[in-house]
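Enquirer: For the sequence shown, counting from 1, position 234 maps to 433 in this note's numbering; every step adds exactly one.
Don't read these hints as lab results, they were simulated from the structure.
For glycine and all other residues, C-beta sits at the position ideal for the given N, C-alpha and C.
Mixed in with the good hints, there may be bad ones.
Restraint-style ranges between C-beta atoms, simulated for each label pair [unchecked claim]:
1. E424 - A350: 36 to 42 Å
2. G282 - G384: 38 to 44 Å
3. G426 - R528: 30 to 36 Å
4. A471 - H286: 28 to 34 Å
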Amino acid sequence: MFQSASRSRIRIGLFCLLVAPSVWSAPAIAATPVRHKAALVVASTESQMTQAQNAAFLQPFARASRQPVVRQAWNGTLAELDGHGLHAGRTGTWSLVFAEDTTIRAACVRELVIHLAGSATNPDGCGVPGMTVQVVVAWDQTRRRLAPRWADFWDIVRFPGKRGLRRDPRTTLEIALMADGVAPGDVYNQLATPQGVDRAFRKLSQLRPYITWWSTPADATSILERGQVLMGSAPGDAVRSIATRYRDRIGINTDMALSYGLSWGVVAGQSAFRLGQARNLLHFIIQPDQQAAFLARYPAATPPASLPASVALPVDVQFWQAHYPDLSRRFDTWLRDAG
Numbered sequence: 200m201f202q203s204a205s206r207s208r209i210r211i212g213l214f215c216l217l218v219a220p221s222v223w224s225a226p227a228i229a230a231t232p233v234r235h236k237a238a239l240v241v242a243s244t245e246s247q248m249t250q251a252q253n254a255a256f257l258q259p260f261a262r263a264s265r266q267p268v269v270r271q272a273w274n275g276t277l278a279e280l281d282g283h284g285l286h287a288g289r290t291g292t293w294s295l296v297f298a299e300d301t302t303i304r305a306a307c308v309r310e311l312v313i314h315l316a317g318s319a320t321n322p323d324g325c326g327v328p329g330m331t332v333q334v335v336v337a338w339d340q341t342r343r344r345l346a347p348r349w350a351d352f353w354d355i356v357r358f359p360g361k362r363g364l365r366r367d368p369r370t371t372l373e374i375a376l377m378a379d380g381v382a383p384g385d386v387y388n389q390l391a392t393p394q395g396v397d398r399a400f401r402k403l404s405q406l407r408p409y410i411t412w413w414s415t416p417a418d419a420t421s422i423l424e425r426g427q428v429l430m431g432s433a434p435g436d437a438v439r440s441i442a443t444r445y446r447d448r449i450g451i452n453t454d455m456a457l458s459y460g461l462s463w464g465v466v467a468g469q470s471a472f473r474l475g476q477a478r479n480l481l482h483f484i485i486q487p488d489q490q491a492a493f494l495a496r497y498p499a500a501t502p503p504a505s506l507p508a509s510v511a512l513p514v515d516v517q518f519w520q521a522h523y524p525d526l527s528r529r530f531d532t533w534l535r536d537a538g
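The task is simple: from the sequences and hints, build the whole structure.
Expert: Following this line, the structure appears as structure tokens:
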């Protein structure tokens with residue numbers, strides 16, 4: 200799970216990975232004989248990308264390799280991943296997963312996904328970068344014309360209405376501190392101290408009666424589409440994907456945006472044959488032609504891989520790898536005590 204600058208339009212940088220063939224132990228697709236028709240299962244937390252990923256990655260691979268591939272939704276929890284990996288029963292084994300970096304790294308630590316050979320963009324082998332997403336302020340322009348900032352997010356008196364926030368400490372605690380006046384460069388120094396954590400939760404408590412929680416990008420856009428919130432934090436690509444239908448109603452402010460990466464992981468616990476096919480599929484996905492095909496079908500994701508100029512705070516993956524268990528428990532307790 201994510202740090203620097205400000206301004207400009209939303210851009211979601213796709214990591215067009217040029218991974219050397221030596222990184223991958225799997226042979227080329229055409230060289231792998233098909234032994235059975237059991238489908239590879241790709242599980243993803245990003246439902247807004249389903250059609251584009253199917254068309255650019257999964258269907259072409261299935262045609263080229265004669266290996267069926269299906270896509271399933273994943274709620275992002277390690278428990279569900281474990282149930283479809285090392286401890287898969289009748290539910291079946293997943294092959295690849297696609298989720299935010301912090302989730303993939305946590306899965307890697309618990310050996311729920313396998314370590315891959317490292318590369319310049321992926322030195323520790325915990326997943327393969329897929330794209331970068333901004334977390335922005337999205338709001339209903341029919342109820343407020345000026346673009347809100349995080350400080351405005353907490354100003355219920357001047358801007359009455361519900362607020363949408365992610366039901367997860369990741370990004371939510373960072374937003375709370377920035378809304379409380381903490382500079383982006385100081386956010387993780389604050390969150391690394393008990394006093395900083397207390398400050399973030401005090402700020403959230405001020406807004407708690409007005410929060411509508413979301414858990415997935417689809418949830419985040421749904422509450423905006425239905426007018427359930429005046430403004431909300433949301434993944435920028437998910438908001439842009441509905442922008443053509445709501446261009447006059449839903450606005451996006453990238454000032455003080457956060458960013459986090461989405462990565463691919465190869466699920467542990469597969470048979471040797473399925474593991475080889477999963478590696479083949481991942482190698483296929485990261486090829487430039489397939490990346491270009493994905494961009495053509497999902498214009499909300501645009502190169503280059505560098506951070507957009509408007510990003511104020513990249514989510515610190517190492518911080519969340521170290522602190523997520525404790526902060527997640529604190530967050531769950533805070534939610535429960537809220538009644």
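Enquirer: Indicate, hint by hint, whether the structure satisfies it.
Expert: So, going through the hints one by one against the coordinates:
1. E424 - A350: 36 to 42 Å: violated, 25 Å
2. G282 - G384: 38 to 44 Å: Given range 38 to 44 Å: holds, Cβ gap about 40 Å.
3. G426 - R528: 30 to 36 Å: Given a distance of about 34 Å, which is inside 30 to 36 Å, the answer is holds.
4. A471 - H286: 28 to 34 Å: Since the Cβ atoms of A471 and H286 sit about 18 Å apart, the hinted range of 28 to 34 Å is violated.
Violated hints for the displayed structure, listed by number in ascending order: 1 and 4.
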